[in-house]
Amino acid sequence: MSDSIRGITMPKWGLSMKEGKLLEWSVNEGDEISKGDEIADVETEKIASAVEAPASGKLRKIVTENDTVYPVGALLGVIADDSVSDDEVNAYVEKFLAEFVPPEDDDEEEVSASEFIDINGLNIRYVSKGEGDDTILLIHGFGGDLDNWLFNHDDLVARTGKKVIALDLPGHGQSSKSVGDGSQDFLADTVIAFMKAVGVDKAHLVGHSMGGAVALNIASKQADMVNSLSLICSAGLGKEINLEYLDGFISSDSRKQIKPFLQQLFADVDLVTRQLINNMLQYKRLDGVTAALQQIKDGFIEGASQKKQFNDVLGSVSKASVIWGAKDQIIPASHKDNISGGNVEVLSVADAGHMVQMEAAKEVNEAIANTVA
Amino acid sequence: MARKITYQQAVNEALDQEMARDPSVIVMGEDVVGGQGSPGEMDAWGGVLGVTKGLYAKHGDRIMDTPITESGYIGAAVGAATCGMRPVAELMFIDFMGVCLDQIFNQAGKFKYMFGGKAETPVVIRAMYGAGFRAAAQHSQCLYSVFTHFPGIKVVLPSTPYDVKGLLIQSIRDNDPVMFLEHKMLYTLEGEVPEEPYTIPFGEANLVREGGDVTIVGFGRMVHLAAEVADKLAKEGISCDVIDPRTTSPLDEETILESIENTGRLVVVDESNPRCSMASDIAELAATKAFSSLKAAIQTVTAPHVPTPFAASLEDAYIPSVDQIEAAVRKVLK
Chain A
1 MSDSIRGITM
11 PKWGLSMKEG
21 KLLEWSVNEG
31 DEISKGDEIA
41 DVETEKIASA
51 VEAPASGKLR
61 KIVTENDTVY
71 PVGALLGVIA
81 DDSVSDDEVN
91 AYVEKFLAEF
101 VPPEDDDEEE
111 VSASEFIDIN
121 GLNIRYVSKG
131 EGDDTILLIH
141 GFGGDLDNWL
151 FNHDDLVART
161 GKKVIALDLP
171 GHGQSSKSVG
181 DGSQDFLADT
191 VIAFMKAVGV
201 DKAHLVGHSM
211 GGAVALNIAS
221 KQADMVNSLS
231 LICSAGLGKE
241 INLEYLDGFI
251 SSDSRKQIKP
261 FLQQLFADVD
271 LVTRQLINNM
281 LQYKRLDGVT
291 AALQQIKDGF
301 IEGASQKKQF
311 NDVLGSVSKA
321 SVIWGAKDQI
331 IPASHKDNIS
341 GGNVEVLSVA
351 DAGHMVQMEA
361 AKEVNEAIAN
371 TVA
Chain B
1 MARKITYQQA
11 VNEALDQEMA
21 RDPSVIVMGE
31 DVVGGQGSPG
41 EMDAWGGVLG
51 VTKGLYAKHG
61 DRIMDTPITE
71 SGYIGAAVGA
81 ATCGMRPVAE
91 LMFIDFMGVC
101 LDQIFNQAGK
111 FKYMFGGKAE
121 TPVVIRAMYG
131 AGFRAAAQHS
141 QCLYSVFTHF
151 PGIKVVLPST
161 PYDVKGLLIQ
171 SIRDNDPVMF
181 LEHKMLYTLE
191 GEVPEEPYTI
201 PFGEANLVRE
211 GGDVTIVGFG
221 RMVHLAAEVA
231 DKLAKEGISC
241 DVIDPRTTSP
251 LDEETILESI
261 ENTGRLVVVD
271 ESNPRCSMAS
281 DIAELAATKA
291 FSSLKAAIQT
301 VTAPHVPTPF
311 AASLEDAYIP
321 SVDQIEAAVR
331 KVLK
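Protein chains in written order, with the working numbering: chain A, 1 to 373; chain B, 1 to 334.
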């Protein structure tokens, strides 16, 4: 069998993904495609996104039907050059289908992948992947959890060869819903204690939104624990913030109420699927979440502005990147212009909003990989 | 969220967590401890199907066995609720409602209204309902439409373990009388349930499947049959909204009507006998509030107007089937 044949398979986005629904292809049989091109739309239980071409070449065959669910790893299409005959392509497909075994519904794998550790009396959930000496720590934003890194976590392990850890901040995800005094220092101190508890003396910090301010605060408190900073649509670099979003997100308790707020997170509002709304409501309906979010917001906002700016901290970090979705409706992308001095790469992604690490995962992962290199 | 537990375990966990959180929550009923007054955990079977097993060991005398006198202990639970407790009384089988109905609809359901809003009655009455258990005519009925008829009583019909836990916690914290009805054939159903306590508001339907051609409204166990039919027909290109109202009182009319306005075709699946049922209630809703959207006559799929048969073959024929639901969907599409 020729090496010049490449199968396109159903990707695995995050721990819990077992299957995805192929909605439609954005390319046709016979089209030339380049590695990294978005070639098909897939919807999962958590989110909708695009399948990227695993290699460059001609899309010789599509073996799927639209609006149909396929397991992770299932063959979707075949890439090969013209030098490969149709018979060889067909033989590849037949062989793949004959040998393919869908992943088993194995909940234990999921459970063991997600770990819990006691930090100052709080139960903190985290997921650690990869085995490198160097560590990257992913810190999500307000109202988020470690699943916000669905399209980044595995890819960063593959790109960098480093250990990559993502955690749920207090009040978020499956971590304890108690948030101390709700201050920014409480969050930073908890993450510092977490790093020490899991044996990470120094890490490349990657922070999204409020998680960016947490990373900056850690750098200001414990510069010796920070290798580099990658800040994505980050708080802590200016005063403006969409207060209507924060208040709306906290007070919403129904699908109808929360949907318009969640849509503000994305440039492409279609990414706010029914399942994404359901998952968010399930989180918000856990005991203590509303109070925790309100407390964190109060620790973070004064009047209508962000309380703390860390622009000088950023200038003192040995290496940093600032990444923004140009269509961010939560924190203005113009805050990336507030940076002066230091070794800071700035990246603006045109067609992405506040959740740029989901909407443009490839660009964001590349930028993070460059920062931690 | 990765952890899976059963529908039955979800009931137990909700009771356990609420008893731990709030000392005014008590559990009472026939055999809910199961040891006939024995002090030992060994004898504590936790009800006929073991749903409340383990609660006695954790919460002691706050879970109590009662005499086999529904009229007495349901009345006691209602009275305790008006005096500051949050009792969860187990009626075992909903079919036993006949002997304690006055305590529920004529007393508990009316206190707030008759005492000028000054009396709260935060009582939850749990009961098993539904056919398929080979338990014959006196232990197999649905009867939720009876309680839905009474103002002042909320009626909850969870179909999944996730909904069981969130809705039971909501029921216990609610200040009005709540009938919390569990389909006995769903007790072994597994699903993902968060370990932490959480609530689901009443009157919020769950859209179990999303499609544009036909609206199927199902109740309790019928939700799963409706979803099975929707999945089958999706392969033929027929897409169905499957709506699980989750509570019949209050009822999320908005979600149902919005769906009908979109599809123009309605099938209601209700395991009850057909007269004065949820099926006829939802059909009435559509006919009076969405008539101009309807493109076909409404179809209902229900049990026939007979008591639940004991003969297994007849019981199977009595319960609405996926074949009947599929035929109804095809009929509204004609």
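Hints are computed from structural coordinates only; laboratory data are not their basis. Even for Gly, the Cβ is constructed at its ideal location relative to N, Cα and C. Some hints here could point you the wrong way.
Computed cross-link-like contacts, BS3-like style, restricted to lysine-lysine with a CA-CA straight-line distance of at most 27 Å [said to hold, decoys possible]:
{"hint": "1", "chain 1": "A", "residue 1": "K129", "chain 2": "B", "residue 2": "K4"}
{"hint": "2", "chain 1": "B", "residue 1": "K289", "chain 2": "A", "residue 2": "K18"}
{"hint": "3", "chain 1": "A", "residue 1": "K256", "chain 2": "B", "residue 2": "K112"}
Label pairs and their computed distance ranges (CB to CB) [said to hold, decoys possible]:
{"hint": "4", "chain 1": "A", "residue 1": "E240", "chain 2": "B", "residue 2": "E228", "range": "47 to 53 Å"}
{"hint": "5", "chain 1": "B", "residue 1": "G60", "chain 2": "A", "residue 2": "D185", "range": "38 to 44 Å"}
{"hint": "6", "chain 1": "B", "residue 1": "E228", "chain 2": "A", "residue 2": "D37", "range": "34 to 40 Å"}
Residues of chain A clear of chain B, computed beta-carbon distances all greater than 10 Å [stated by the list, open to error]:
{"hint": "7", "residue": "N28"}
{"hint": "8", "residue": "G161"}
{"hint": "9", "residue": "D247"}
{"hint": "10", "residue": "N338"}
{"hint": "11", "residue": "A373"}
Hints and how they fare:
About 24 Å separates the Cα atoms of K129 of chain A and K4 of chain B, which keeps this hinted pair within 27 Å; it holds. A hinted pair counts as satisfied when its Cα atoms are at most 27 Å apart, and K289 of chain B with K18 of chain A does not qualify at roughly 41 Å. The suggested pairing of K256 of chain A with K112 of chain B is violated, with an alpha-carbon distance near 31 Å, which exceeds 27 Å. Between E240 of chain A and E228 of chain B the beta carbons are some 51 Å apart, a value that agrees with the proposed interval 47 to 53 Å.
Checked against the hint of 38 to 44 Å, the pair G60 of chain B and D185 of chain A passes, with Cβ atoms roughly 43 Å apart. A beta carbon spacing of about 38 Å between E228 of chain B and D37 of chain A agrees with the range 34 to 40 Å that was offered as a hint. With a minimum CB-CB distance of about 22 Å to chain B, N28 of chain A clears the 10 Å threshold, and the non-interface call stands. Every CB of chain B is more than 10 Å from the CB of G161 of chain A (nearest about 27 Å), matching its label as outside the interface.
At the 10 Å boundary, the C-beta of D247 of chain A stays outside the reach of chain B, the nearest C-beta of that chain being 20 Å off. Annotated as non-interface, N338 of chain A keeps its C-beta farther than 10 Å from every C-beta of chain B; the closest such distance is 38 Å. Every beta carbon of chain B lies more than 10 Å from that of A373 of chain A, the smallest distance being close to 33 Å; the non-interface claim holds.
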